[in-house]
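Taken in sequence, the protein lines are chains A and B. Everything in the first sequence is counted per our numbering, starting at 1 for the first residue and increasing by one. Everything in the second sequence is counted per our numbering, starting at 1 for the first residue and increasing by one.
Take the hints with a grain of salt, since some may be wrong.
[As the list claims (entries may be wrong)] Taking lysine-lysine and the DSS-like style, the derived pairs with C-alpha atoms no more than 27 Å apart in a straight line are: (1) K151/B / K259/A; (2) K162/A / K122/B; (3) K162/A / K149/B; (4) K259/A / K162/A; (5) K259/A / K149/B; (6) K151/B / K162/A.
None of these hints come from the bench; they were simulated from the model.
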Amino acid sequence: MAARVRRLSRFNIVSLTLGLVFLYLPIVILVVFSFNASRLVTVWGGWSLRWYRELFNDSAMIEAAWMSLRVAATSASIATLLGTLAAVALSRGEGFKGRTLFSGMLYAPLVMPEVITGLSLLLLFVAINAERGFWTVTIAHTTLTMCFVAVVVQSRLGSLDKSLEEAAMDLGCSPPRAFLAVTRPLIVPAIVAGWMLAFTLSLDDLVIASFTTGPGAATLPIRIYSEVRLGVKPEINAICTLVIALIAVVIIVASLVAKLSSVKGESAAPL
Amino acid sequence: MVAAAELAPPTGAFEPGKAVEPPLLRIEGVAKNFGSFRAVNGVSLDIRAGEFFALLGPSGCGKTTLLRMLAGFETPDEGRILLDGRDIARVLPHERPVNMMFQNYALFPHLNVRDNIAFGLKRARMSRAEIAVRVAEMMALVKLEGLEKRKPDQLSGGQRQRVALARSLARRPKLLLLDEPLAALDKKLRESTQIELMEVQRRLGMTFIIVTHDQEEAMTVANRIGVMDAGRLDQVATPRELYEAPNSRWIAEFVGDINLFQGEVTSRVQSDLTIATREAGTLTASEPHSAISKTMVFLAVRPEKIKLSRHGPAADGEGSAINRLGGVVTDVSYLGGTTTYKVKLDSGVVIRSSMANTTRLDKDSHGPGQRVVAWFTPDDCVVLEQ
Numbered sequence: 001m002a003a004r005v006r007r008l009s010r011f012n013i014v015s016l017t018l019g020l021v022f023l024y025l026p027i028v029i030l031v032v033f034s035f036n037a038s039r040l041v042t043v044w045g046g047w048s049l050r051w052y053r054e055l056f057n058d059s060a061m062i063e064a065a066w067m068s069l070r071v072a073a074t075s076a077s078i079a080t081l082l083g084t085l086a087a088v089a090l091s092r093g094e095g096f097k098g099r100t101l102f103s104g105m106l107y108a109p110l111v112m113p114e115v116i117t118g119l120s121l122l123l124l125f126v127a128i129n130a131e132r133g134f135w136t137v138t139i140a141h142t143t144l145t146m147c148f149v150a151v152v153v154q155s156r157l158g159s160l161d162k163s164l165e166e167a168a169m170d171l172g173c174s175p176p177r178a179f180l181a182v183t184r185p186l187i188v189p190a191i192v193a194g195w196m197l198a199f200t201l202s203l204d205d206l207v208i209a210s211f212t213t214g215p216g217a218a219t220l221p222i223r224i225y226s227e228v229r230l231g232v233k234p235e236i237n238a239i240c241t242l243v244i245a246l247i248a249v250v251i252i253v254a255s256l257v258a259k260l261s262s263v264k265g266e267s268a269a270p271l
Numbered sequence: 001m002v003a004a005a006e007l008a009p010p011t012g013a014f015e016p017g018k019a020v021e022p023p024l025l026r027i028e029g030v031a032k033n034f035g036s037f038r039a040v041n042g043v044s045l046d047i048r049a050g051e052f053f054a055l056l057g058p059s060g061c062g063k064t065t066l067l068r069m070l071a072g073f074e075t076p077d078e079g080r081i082l083l084d085g086r087d088i089a090r091v092l093p094h095e096r097p098v099n100m101m102f103q104n105y106a107l108f109p110h111l112n113v114r115d116n117i118a119f120g121l122k123r124a125r126m127s128r129a130e131i132a133v134r135v136a137e138m139m140a141l142v143k144l145e146g147l148e149k150r151k152p153d154q155l156s157g158g159q160r161q162r163v164a165l166a167r168s169l170a171r172r173p174k175l176l177l178l179d180e181p182l183a184a185l186d187k188k189l190r191e192s193t194q195i196e197l198m199e200v201q202r203r204l205g206m207t208f209i210i211v212t213h214d215q216e217e218a219m220t221v222a223n224r225i226g227v228m229d230a231g232r233l234d235q236v237a238t239p240r241e242l243y244e245a246p247n248s249r250w251i252a253e254f255v256g257d258i259n260l261f262q263g264e265v266t267s268r269v270q271s272d273l274t275i276a277t278r279e280a281g282t283l284t285a286s287e288p289h290s291a292i293s294k295t296m297v298f299l300a301v302r303p304e305k306i307k308l309s310r311h312g313p314a315a316d317g318e319g320s321a322i323n324r325l326g327g328v329v330t331d332v333s334y335l336g337g338t339t340t341y342k343v344k345l346d347s348g349v350v351i352r353s354s355m356a357n358t359t360r361l362d363k364d365s366h367g368p369g370q371r372v373v374a375w376f377t378p379d380d381c382v383v384l385e386q
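Required output: the full structure, derived from the provided sequences and hints.
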């Protein structure tokens with residue numbers, strides 16, 4: 001961008017503004033109205049933190065939020081582990097047959113409609129008679145998000161020079177050591193980014209969670225959705241604002257991690 | 001000499017005293033297939049300690065595959081690789097006293113220059129103090145002092161090349177393999193780096209094997225050159241032998257420029273052959289090296305061996321054996337140190353002659369259209385059977 005110091009034309013400014021307004025106006029309205037003193041969602045009654053106070057007294061909502069955070073953290077961690085292993089196997093295992101088939105199968109959940117994923121998992125859990133609750137939602141989210149992790153990590157692995165590991169072996173590392181000493185520090189940013197992506201995807205999911213959850217194990221999106229059907233309370237605005245803030249923090253941290261590790265991955269490799 | 005080239009001690013700059021020792025590296029009948037493609041086809045080669053050996057060949061000739069088998073990244077399908085008498089053909093890369101410098105350098109992007117060079121030393125369980133000493137030594141050797149803390153992406157191409165060299169030398173390998181190490185550098189830098197590479201090799205007394213497709217580079221740096229084509233090692237010789245006595249038409253054309261005449265041997269008096277060619281009439285060649293048995297042969301003359309003059313050399317006693325070809329200059333390329341002429345012979349064939357510009361003022365240059373006599377002595381001819 002620094003290379004092209006061309007000023008934006010009037011058309012560009014207008015279209016950019018319209019685009020940003022289209023994307024962010026609803027969110028801005030939601031955030032602003034979460035600080036509304038009035039009970040009526042559409043009438044501005046001055047600034048207040050009243051709904052945040054009320055939110056923290058709403059134990060069902062807090063419980064749902066806590067449930068969502070636990071599901072997101074657990075499923076993101078499992079998905080990161082499995083997705084990274086899958087990515088390594090698919091990009092390094094040159095010899096094995098059906099690699100293309102496996103890659104394709106790994107990526108299928110990316111384009112699969114969530115309703116189908118949710119329904120098929122529900123049928124599975126019913127068939128094996130699993131008690132639906134925290135673990136079924138977590139497993140369902142893991143199956144959804146691990147392919148995202150795999151895609152992110154695999155693209156990083158693919159961009160790495162294969163001779164780096166060979167150089168490490170040439171300099172005295174056994175193949176596993178070469179992976180740990182050279183490849184691992186170079187893919188850590190991708191793994192972190194994959195975890196964050198999995199976390200936000202899980203936090204956000206309504207469809208799969210509502211298929212696979214059980215009584216007493218509502219996630220935050222399920223809770224919000226059921227509340228909104230009875231009418232939008234300002235309290236919902238408050239919880240949504242908090243979720244937006246959390247996701248914004250996660251994304252900012254993820255991009256900072258990626259940036260820092262590419263600028264200086266100092267001591268990233270414990271030798 | 002053609003047949004004996006592989007086993008004969010080199011006659012070049014190499015110290016003759018070491019020739020009697022057993023070779024450091026012996027490659028015996030090594031072959032490698034990739035699917036149905038035979039990348040390396042029965043290569044045998046001896047390399048002595050302290051030698052700077054070049055594997056030269058066009059891309060796809062198998063030279064890099066051979067090098068990767070020496071490093072341990074590929075396993076030969078046939079044959080043995082003996083390093084100091086031990087068969088290492090199936091030894092893993094990290095267990096070989098061999099290091100490699102990669103074509104794209106393969107520097108670790110997350111480590112600084114110091115840690116890149118120290119990488120192999122840490123694996124070798126050297127103490128902290130020893131590592132510091134060795135790294136400093138290597139940094140001085142490749143003239144990189146002061147850049148210890150830089151990351152690879154903060155270095156120029158030439159500096160990266162030096163880090164890669166230092167890293168591969170740091171473990172003091174018995175054998176250093178260099179895979180097209182200078183291909184990424186521009187011409188000027190490449191030439192100065194070739195000289196530095198030779199100095200480093202001489203100073204450390206290490207054995208280097210370099211893979212290159214650049215014949216000038218091979219001739220500059222190496223004591224001996226092995227020319228590969230289609231998986232086979234066609235000729236192993238000193239740079240001079242390779243240029244002046246190639247053993248096949250292919251090598252004569254691959255290494256440098258050459259004029260070829262096909263013809264039939266009509267008479268033979270000791271080593272003097274009379275060859276009847278269609279393009280250039282009857283020529284006389286003196287080929288004391290190889291025993292020519294075929295009658296259909298190729299007579300090869302390097303362009304700089306062909307002199308041009310308006311009337312030909314004075315016909316003294318010896319002059320009768322000189323080959324003289326009449327023709328017309330069609331093209332003149334002034335290249336600074338030399339001038340290349342294209343001469344169309346009376347038979348219609350175009351030959352090239354290259355003459356050194358030894359004087360600043362050129363009194364008898366030949367312009368296009370000038371009728372000249374191109375002449376060369378029988379000693380300057382190479383007779384090739386294949």
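Evaluated hints:
1. K151/B / K259/A: Cα-Cα ~16 Å, so holds.
2. K162/A / K122/B: 22 Å, holds
3. K162/A / K149/B: 25 Å, holds
4. K259/A / K162/A: Holds - the C-alpha atoms of K162/A and K259/A are around 23 Å apart, at most 27 Å.
5. K259/A / K149/B: Between K259/A and K149/B the Cα gap is close to 20 Å, so the pair holds against 27 Å.
6. K151/B / K162/A: 19 Å, holds
When the structure is compared with the earlier hints, no violation turns up for any of them.
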